[in-house]
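Asker: These are the residues of each chain, in order.
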Amino acid sequence: MIFAVDPLPWARAQMAFTLGVHIIIVPLGVAWAFMILVAEYKANKHGDEDARRLARRWSKVLAVTFAVGAVTGTVLSFEFGLLWPRFMGKFGDAFGIPFAIEGLFFFVEAIFLAIYIYGWDRLSPRAHFWSGVPIVLSGIGGTAAVISANAWMNQPAGFKLNAAGKVVDVSPMGVIFNRAFPYETAHMLVAAYLVGGFLVASVYAVAMLRGRRDRYHRLGFLIAFSVAAVSAPLQIVVGDLTARAVFRDDPVKFAAIELVNKTGTNVPEILGGYFDADGNVRGGIKIPGAASLMSGYSTDTEIKGLTSVPARDRPTYAQANIVHWAWDIMIGLGSALAALSVWFGFVWWRKRDLPKSPWFLRAAAIAGVASVVAMEAGWIVTEVGRQPWIVRGFMRVEDGATTDGNVWITFVVVVAVYAAVATATILVLRSMARRWRAGEDPAGPYAPTPRSK
Amino acid sequence: MSGAEAMAVVLFGAVTAYAIFGGADFGAGFWDLVAGGAERGRRPRALIEHAIGPVWEANHVWLIFCLVVLWTAFAQTFASITLTMFVPLSIAALGIVLRGSGFAFRKVVPTVAEQRVFGAAFAISSVVVPYCFGAIVGGIVSGRVPAGGRAGDRVTSWINGSSIVGGLLAVTVCAYLAAVFLTYDAQRTGARDLVGYFRRRAIGAAIVAGALALIGYFVLAADAKHLHEHLGGRGLPLVILSTVCGLAALVLLIRESIRAARAFAVVAVAAVVWGWGVAQWPYLLPTSMTIERGAAPSGTLVALFIVTGVAVLVIVPSLALLYVLDQRNVLEPGQPGAPADARTPPTTTGN
Ligand code: HDD
Ligand code: HEM
Ligand code: HEM
Numbered sequence: 001m002i003f004a005v006d007p008l009p010w011a012r013a014q015m016a017f018t019l020g021v022h023i024i025i026v027p028l029g030v031a032w033a034f035m036i037l038v039a040e041y042k043a044n045k046h047g048d049e050d051a052r053r054l055a056r057r058w059s060k061v062l063a064v065t066f067a068v069g070a071v072t073g074t075v076l077s078f079e080f081g082l083l084w085p086r087f088m089g090k091f092g093d094a095f096g097i098p099f100a101i102e103g104l105f106f107f108v109e110a111i112f113l114a115i116y117i118y119g120w121d122r123l124s125p126r127a128h129f130w131s132g133v134p135i136v137l138s139g140i141g142g143t144a145a146v147i148s149a150n151a152w153m154n155q156p157a158g159f160k161l162n163a164a165g166k167v168v169d170v171s172p173m174g175v176i177f178n179r180a181f182p183y184e185t186a187h188m189l190v191a192a193y194l195v196g197g198f199l200v201a202s203v204y205a206v207a208m209l210r211g212r213r214d215r216y217h218r219l220g221f222l223i224a225f226s227v228a229a230v231s232a233p234l235q236i237v238v239g240d241l242t243a244r245a246v247f248r249d250d251p252v253k254f255a256a257i258e259l260v261n262k263t264g265t266n267v268p269e270i271l272g273g274y275f276d277a278d279g280n281v282r283g284g285i286k287i288p289g290a291a292s293l294m295s296g297y298s299t300d301t302e303i304k305g306l307t308s309v310p311a312r313d314r315p316t317y318a319q320a321n322i323v324h325w326a327w328d329i330m331i332g333l334g335s336a337l338a339a340l341s342v343w344f345g346f347v348w349w350r351k352r353d354l355p356k357s358p359w360f361l362r363a364a365a366i367a368g369v370a371s372v373v374a375m376e377a378g379w380i381v382t383e384v385g386r387q388p389w390i391v392r393g394f395m396r397v398e399d400g401a402t403t404d405g406n407v408w409i410t411f412v413v414v415v416a417v418y419a420a421v422a423t424a425t426i427l428v429l430r431s432m433a434r435r436w437r438a439g440e441d442p443a444g445p446y447a448p449t450p451r452s453k
Numbered sequence: 001m002s003g004a005e006a007m008a009v010v011l012f013g014a015v016t017a018y019a020i021f022g023g024a025d026f027g028a029g030f031w032d033l034v035a036g037g038a039e040r041g042r043r044p045r046a047l048i049e050h051a052i053g054p055v056w057e058a059n060h061v062w063l064i065f066c067l068v069v070l071w072t073a074f075a076q077t078f079a080s081i082t083l084t085m086f087v088p089l090s091i092a093a094l095g096i097v098l099r100g101s102g103f104a105f106r107k108v109v110p111t112v113a114e115q116r117v118f119g120a121a122f123a124i125s126s127v128v129v130p131y132c133f134g135a136i137v138g139g140i141v142s143g144r145v146p147a148g149g150r151a152g153d154r155v156t157s158w159i160n161g162s163s164i165v166g167g168l169l170a171v172t173v174c175a176y177l178a179a180v181f182l183t184y185d186a187q188r189t190g191a192r193d194l195v196g197y198f199r200r201r202a203i204g205a206a207i208v209a210g211a212l213a214l215i216g217y218f219v220l221a222a223d224a225k226h227l228h229e230h231l232g233g234r235g236l237p238l239v240i241l242s243t244v245c246g247l248a249a250l251v252l253l254i255r256e257s258i259r260a261a262r263a264f265a266v267v268a269v270a271a272v273v274w275g276w277g278v279a280q281w282p283y284l285l286p287t288s289m290t291i292e293r294g295a296a297p298s299g300t301l302v303a304l305f306i307v308t309g310v311a312v313l314v315i316v317p318s319l320a321l322l323y324v325l326d327q328r329n330v331l332e333p334g335q336p337g338a339p340a341d342a343r344t345p346p347t348t349t350g351n
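Chains A and B, in that order, give the protein sequences.
Residue numbers for the first sequence follow the working numbering, so the first one is 1 and each next one is one higher.
Residue numbers for the second sequence follow the working numbering, so the first one is 1 and each next one is one higher.
Same shape as in the complex, but just chain A (with noise of 0.2 angstroms):
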């Protein structure tokens, strides 16, 4: 109206970036809780205090983090009719399915968030824990839903089409237990957890270097990085099992991963690399054999390559890209993860302390940062490489768009106002910190106000 633009690259963007901070703070509200329960059973089962505030702070901050998550969550269910409501209305019958359930298990984590936070002062001790247990299981449940939303786009089942085009016959297990469900579940409550545990380890990490050593800070950092390097190596497993799949299920997918673009056996792994405008490789360490040899423990395995299918049905090459260097980052930072993970691992079992280096502790620093970049990676890979489909053989992403032209006008309020969202929850996270250190105890939402000076 105003300024009327092509919407599709600006829905595209906004989905993609309210998603991409949306995700950020999901694994808090599934791991976090499960850390805060940790140190909370210990501290009613030891007694210890130093466990006890862990869990009281803890809590207070994911309050806050739990607030954004919500808000930024609503904004997808917005986004949803706002952005794709072609998509929504043809498929809304079978794809909306999941979020119903999702609705449910958010419903249970909120109200007993409320009910945990609140009831520090107001349940008995052994009730305060219990209260606890519905968070951490609606979050992994609410996970397992929304993913399977995900996974249906990716593997669409569960429904028919009649000859007007109209979604009939939807069986609602058929779409919950789609075929990428199981394997895009683990895959993502894995990272939660990866994730999860790093960030918060890396403020302990980072809190330690500066000096604070005492014991309420090596508790702190030692419950969430256990979480992270319980994670991590198994994420490899799971990542393992993950690429498999999709080597199975979504071969064109599969093709942008490792840069193929004709079909053959004995294809290389390549490290790096691009693909030029004609699909040739360029550049990059190329490993031979290797990328058939993972796939299908044989060399003579053969892995289609983009151009089994016709170009309007497959990434372009720019995008193929996109898909590859994201997979490359996912399995370097993923790796690296793990190594770090296995290091700790080691020396806690010989020593039954962290490693000494001043270098570990440097590494778990910037670890919450990586972690999140490998998941950022790796929803990239899912995402881009599903293009061009909205609905993977079903519908394009051009069919599915909204077609009204203001799009670029919400695309920059949504950014300008998440910048504002994001710098005002860490301003506000510090200053909760500082006045911790400082003696005092703020307050937190959902908790009962507090005497103040």
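There could be a bad hint or two in this list.
If you want the footprint, here are the derived chain A segments under chain B, 3+ residues with CB under 8 angstroms [stated by the list, open to error]:
(1) 66-74
(2) 109-119
(3) 393-404
With the Cβ distance kept under 7 angstroms, some of the chain B side facing chain A (calculated, not the full set) [claimed, not checked]:
(4) PRO54
(5) TRP71
(6) THR82
(7) LEU83
(8) ILE91
(9) ALA104
(10) PRO297
(11) THR300
(12) ALA303
(13) GLY309
For the record, the hints were derived by calculation from the structure and aren't laboratory data.
Remember, predicted model here, so these are calculated numbers, not experimental data.
Beta carbons are placed, not taken as given, at the ideal position from N, Cα and C, and that holds for glycine.
With chain A held as given, fit chain B with the ligands onto it using these hints.
Answerer: Chain B with the ligands in isolation, oriented as in the chain A frame:
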């Protein structure tokens, strides 16, 4: 009743829950906005904070539930609404972001200046968001949202007589509900002065809401024929119920029977929402999309009924637990986990 119709009833049930719980929450933001300067508004704001603190998030999950049911059970209707109502929905979404984060941050930041910034974001969006929702409903009932994958007019669909009445009515009803609830909370926590404060405001809001409803009735007569006709027909019992309960609540407020007033106020508001639904029946979008035609295949509906059943079994008791806990006193001091300073009665705080 067919599966689709039953699903529409579920949807209206969720809308009612959101209108009451979410509505009271928005309304609390309205009173926060108009509570005056930092010193003058200190006590009412502290009560508001105390009242909605633990439950504000849960109250808003009703919105998610409404959206999800709408887009799954009535996907084409959802698409039509979002296509046409792009602008007010975008404003509402951003308002929700500012409201939630503003509320959460305000509680945490130390200085009055910071609290003011976040408090303002919270309070202003508490008015903007319900206005947008009301305006959207106004556009829908007046037939400005066409079915069939094309957008209606992007400006007049939400800036028109019905929408303006709808928006203002939504804001007023929220304020009314909140004032009634807050009067009760003030009484319960023994803040005598605030009982009178919110009671006066509840009475004022009730009168404004009644007047707006009356004006709305005439606006609808000219602008939303279908709805108007049936409001006077099969919707009439609900209109009467709402009026009677509204008047009863008013009398009870004046006589300071707050607890009973609260119940009547809730019924009065619920009856308005139901009156809307009954008058609009059998349309989702009057008069271009019926409930039957817009509904998902039966497999989807069955899944949604199961989810609804589980919700009733799981969510309702959990919510009840939360509300009970909210009204309960803190643990005795000396018990593990209870620091000494947490026993302060809420209404004496906030400085
Ligand atoms: C912390 C995060 C993290 C780490 C260390 C890894 N991943 Fe990952 N990966 C993700 C986080 C992630 C994710 C959560 O972002 C994605 C996006 C969608 C999904 O299900 O998981 C993902 C997607 C994703 C996909 C695409 C799945 C699809 O499109 O259906 C594959 C093939 C892999 N990953 C494989 C791996 C392998 C072989 C890894 C070994 C090092 C690995 N990932 C480490
Ligand atoms: C349940 C989870 C998710 C759902 C249902 C979902 C859904 C969608 C939809 C509908 C689109 C637009 C259509 C398209 O461009 O293909 C999209 C695009 C995109 N999403 Fe996701 N998404 C999810 C998770 C994520 C996450 C966590 C990220 C993290 C960054 C992400 C990144 C992207 C990107 C980068 C695009 C743009 C792709 C392109 O246009 O090239 N998604 N997603
Ligand atoms: C990539 C996958 C996603 C995961 C793993 C995920 C997970 C979560 C989790 C764990 C929460 C709890 C709040 C928190 O911890 O801060 C949450 C909140 C929320 N998410 Fe997401 N989410 C994803 C994508 C989406 C998408 C695509 C939508 C769009 C419908 C969405 C809608 C919501 C909503 C509405 C909430 C708020 C619930 C409440 O009010 O309590 N999420 N999400």
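Asker: Given B/GLY309 was flagged as interface, is its beta-carbon under 7 angstroms from a beta-carbon of chain A?
Answerer: The hint is violated - B/GLY309 has no Cβ within 7 angstroms of chain A, the shortest such distance being about 10 angstroms.
Asker: Under 7 angstroms is the threshold here; is the Cβ of B/PRO54 close enough to any Cβ of chain A for the hint to stand?
Answerer: holds (4 angstroms)
Asker: Can we keep the B/THR82 interface hint, with Cβ of chain A closer than 7 angstroms?
Answerer: The hint holds - B/THR82 has a Cβ within 7 angstroms of chain A, the shortest such distance being about 3 angstroms.
Asker: State whether the coverage of the segment 393-404 of chain A by chain B holds or is violated, taking the criterion as 3 or more residues with Cβ-Cβ distances under 8 angstroms.
Answerer: It holds, with 3 qualifying residues against the three required.
Asker: Against chain A, with CB atoms and a cut of 7 angstroms, does the hint on B/THR300 hold up?
Answerer: holds (5 angstroms)
Asker: Checking hints one by one. Is B/ALA104 an interface residue toward chain A, by the C-beta closer than 7 angstroms rule?
Answerer: holds (4 angstroms)
Asker: Given B/ILE91 as an interface hint, is the shortest Cβ-Cβ distance to chain A below 7 angstroms?
Answerer: violated (9 angstroms)
Asker: For the hint on B/LEU83, does the least C-beta distance to chain A fall short of 7 angstroms?
Answerer: Check passed: Cβ of B/LEU83 comes within 5 angstroms of chain A, closer than 7 angstroms.
Asker: For the segment 66-74 of chain A, do three or more residues have a beta carbon lying closer than 8 angstroms to a beta carbon of chain B?
Answerer: holds (count 8)
Asker: Using the nearest Cβ pair, does B/TRP71 come within less than 7 angstroms of chain A?
Answerer: holds (5 angstroms)
Asker: Hold the hint about B/ALA303 up to the distance rule: shortest CB distance to chain A must be less than 7 angstroms.
Answerer: With a minimum Cβ separation of about 4 angstroms from chain A (threshold 7 angstroms), the hint on B/ALA303 holds.
Asker: Is the coverage entry for the segment 109-119 of chain A by chain B consistent with the three-residue Cβ rule at 8 angstroms?
Answerer: holds (count 9)
Checked against the numbered hints listed earlier, the structure breaks hints 8 and 13; every other hint is satisfied.
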